[in-house]
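Bring the two chains, given one by one in their own frames, into a single complex with the hints.
So the protein sequences, as listed, match chains A and B.
For the first sequence, the working numbering gives the first residue as 182, with consecutive numbering after it.
For the second sequence, the working numbering gives the first residue as 860, with consecutive numbering after it.
Hints are all accurate, no fakes.
Listed below are several chain A residues computed to face chain B (Cβ distance under 7 Å; list not exhaustive):
1. 231
2. 495
3. 513
Worth flagging that the hints you see were computed from the coordinates, not collected in a lab.
By construction, the Cβ of each residue, glycine as well, lies at the ideal position given by its N, Cα and C atoms.
The chain contents come next:
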Amino acid sequence: MKKHYDIVIVGSGAGGGTIAQKLIPLAQKGAKIAMLEQGPHYPHAFFTQREIEMMRLFRFNGAWPVTSGEITIAAGQCVGGSTLMYTGVSFRLPQEVLDEWHVPDLTHEDLAMRFDQIEKDINVIIPPDSMVNDNNRLFHKGCLSLGWPVKKIPLNIKNCEKSGFCNLGCNSGSKQGTLEVQIPKAVSAGIDLIPNCHVYGISEKKVHAIIQKAPPGTIDGPWRPGKICIDSDIIVLAAGSPCTPGLLLKSGFQEKLPGIGLNICLHPAMTLYGVYPKPIVNYRGFPKTYYTDQFTDAHDYYIETAFYYPFIATRHLGLWGKDLSETMSKYNQLMTVLVLHHDNVMPENRITVNRKGIVQVQYKLNRQNIASLCHAQIQTARIFFAAGCEQVIMPCASPHVIGRNYCDPKTLAQMIQTQNFIPIKTPVSSAHPQGGCAMGEGKNAVTNSWGQVYGFSWLYVADASLFPKSAHVNPYLTVMALADRVGEHIVRSGFNQTDI
Amino acid sequence: MYKCQYIKGHRLRTILAAADCIIPAHGHLESAGSMKTIGVMDHAISQMPSQLRFQFLLFISIVHVLGIFFGGRCFARNRQSDQIRQLRWMERSVIRGFRMGFLGLKSYICMGYFTRESTWVGIHYGGPLKYDQSPPDLMIRNLCQNKCKICV
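Chain B on its own, in the form it takes in the complex (with noise of 0.2 Å):
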């Protein structure tokens, strides 16, 4: 069992939101909206440094609230069209927090996903030939293993 200790309330609703339309589902590939894309980036926000991590989680707050400029309704209530519109807003925006922020996102939503080994099969990627290898961290290789429950 892993207990989500930073993705909460809001917050998770808006970055399972985002995942869906960084990561879309694609043939095999599920989409990356899902608890087990949400346990790896908990346990590696749990890792950041803690001003870093109050600035990433400040970040998702943000994208939440400023939902209400591209569809009416915090950011997981609106349409996908306007999350996507709203996504590419920062990422191209003139004002350099934003663009480095949704960096991040996406970088944490990737990690999420690219790293767990049932998205291997998808990409057709073989894994660590050495593969029982000891983890240095054992949590990590059971969420990537998805060998534990994830709750909030």
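Chain A with its partners taken away, still in its complex shape (with noise of 0.2 Å):
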């Protein structure tokens, strides 16, 4: 099968959807624009509630492993991308960030202007009081009694039923992702949607692709399943990192771009657990609405509130035997935070394409990631303790059990040690992957700062493989106004591109 589209953008999440809402004025004027999505177009109905049936909302059913095996990656394979089951968490990027990125035309002011209005259109609050639930209320009582900053998430929600289910597909439609808002806007204005599309290469003008079957229970597309070419003047690569970088590799890239695939970051995160006296029900009621950034500067982390459910709880804890038996029996008295660690780029961490094809992120924490986790450990036991809690689970304590009885941060320090940190044993995951095709100058820079890539004016990147470094905070947001600076830089450009 062949087709014919003046844009194909390959990716629905928080960058392709972006950039269809951006071209609606081309599609207006006649433009063809396609929207290609290797997963599934998932109806509400569709959102159970239940993790087993839920996983495969997730790539790899949510627990894509680094090839060392030292953290998983969580990231959405459906339309609307990681938006359908983030948590709406909706931070700027940190004004010194940008400023440590060093991209040339990108400033401040030109995404401040962005930020303001997607938040507009994805309807992003400061949440109300009446949506903090029990482990919010207490992770602020701790933060406070400590004497740390805490502050208010900025979600993107919409008369939200407080269900607690965000991870696991927005059963309401709240949650105001690129399902609910660019994706609906954009096939209005005659942007087709092609849902169950693989992407397997990209040459010259060329997307090559695969169509499969549409999943039971899940929204057909208009094509029929099969190999399709499909020409079109413009490409744009919204797949997400470490996807996209892996697409270009796979198409052979590299050797014109061989920064394509490095400057990677995926913000390592754990999450920790401590028993309240009483039950909490962090289950129900709004998972995230609180964060501190007392460590942020020092140590390169933040603290974030967090729910999960039981198997995934049961992951997180790195607990077996006895110990997670117990602690499980109080799973309705569970405290729960996410530490999310900024990490910096490392020459030896990057995105590959195996002998199969198949894309791997080579990644190794190194001894200042562990360090840093280790203290962000410490820090959220004592948050645990101050709130109440009779025991935290940490998993770089020996024992990882620890009982109130040593609770003084001295005690801490020297139960939580690097040393106890025994990778794959330790359960760190990521779900904000970065970087690959870093935009800005240089030899390693890949597109431009409008996210055109270099020598190749007919491709673009709109998603998080842009970012040169990391971006410290969720980056949901960012790769928004990232993705509506490409979208301006089409429209502007019109069809007639010349090499940069």
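The structure is reproduced here in structure tokens:
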């Protein structure tokens, strides 16, 4: 099968959905635009609020391991991408981080203007007190009693039912991800949405893909299953990191652009638990409303509130045997937080493609990462105890379960040590892979500051792969702002592209 | 009726024994080594990519055989203290494959146990608010609700 389009967007997450919305004026003028998505198109009724049934929303069931096995990556594979199962956290890129990025023409004013508009579009709000559940209230109490700043997390939600199943797909459609906001607008303006479309290569103004059969219960696309070659004047890659750099590597672009796959960060995260003396029912209500940035500057991490379902919780706890049974028997008493470490770009960490053409993330935690994660466990234990917990479970502590008798910072520091970190055994995850197609200037840069790939004026990148370094904060709003810039460049340039 | 496709014979005995070590009985919680856990696990294993499934099943066979070095017999026939010693050794082994294999085994046992509704009662988890929403896969729903008999 062959098709022709003026513009093809690969991916429908924070980047792909936003760029589709930005290109609506071109669609209204008659440009033919398609948005291809590897995953299925799920209706709201599909989201059953059961973790084993909803693992299919994620690539590799939510546990895509890096080659060292030290971290598992959770990334969405569906129309809406990871905005389907994120918690709606909508931080702006901090100004000092943008300054560190050193991307020419990418100014704070430019991004601020886009953040203003996107926040209106996706309804970013500061959650009212009525949305704060017991877990969040205790976190607030714990931080305040330690004298640490505690702030509300901006969220993109509307008429939230507070059922607590954000990470399994929002059944009510309250979370204003691209599935709810940008994609419906783009589709009603005439942009074709093609789900179940696996893009396996791109060449000069061509996209090579396979359309797969729609799984039962999902919304079918317009094309029949089979191989397809799409001619397109402009191709925008928004498949996310690591898939966008992986696709470029599979397509052989690294010969001209050796920076593809480099400059990656994963935001290594640990979910930590404390046991409160009475039920707090963390699994109902909105999971995330507070965070503290007390240790961002000195130790490179944020601590945010969180909640996870029983099976996932067992993966985070890192326990087994009697400790696991005892802890899980108090599941409704568990206080939960997420530590988000902003890692540095390291030359040995990169995205590659193996001999079978499978995209791999080569990543190893270094001493600095492990030291930060251990420091975070000590400080989190202090929050839990200050909030009133009887016990805390810290994967780098020996033993893992620490009682209240040992709650002073000195004792905690003696118990929680970097030498207790055992790669693979110690649970570390990532939901924010970034980089691999760095924007900017210099030998490792892949695109200019407008996401246009050097040497290929018909090719753009519009997702988290563009980040030259970590965004420090949850990246979705930044991805949307950068995609908005890329879309603006395409609209402004029309179709008369010249090599840059 | 659900007929296990992959967990049979020595693998069934090994996983049942390992499940009892990984999630022992506590309070209102029964231990994980039961056919109810095996049913959910086997269904999940059937959905794995074939190469990963091969590696997982091979690892279970290795656990079975390695029991000889920890208690003189195959894993399931050893005393539970020897089984725990073997699992702990694999979890902390300098060989990456053992650590990965142990993590995979533990994860699938936890999946087979904590996604079942009968377990939710014991951990005080209220489960989905939209309880009767149609499942994408009726078999996994039935297995988690303990609505079908499991055989090997």
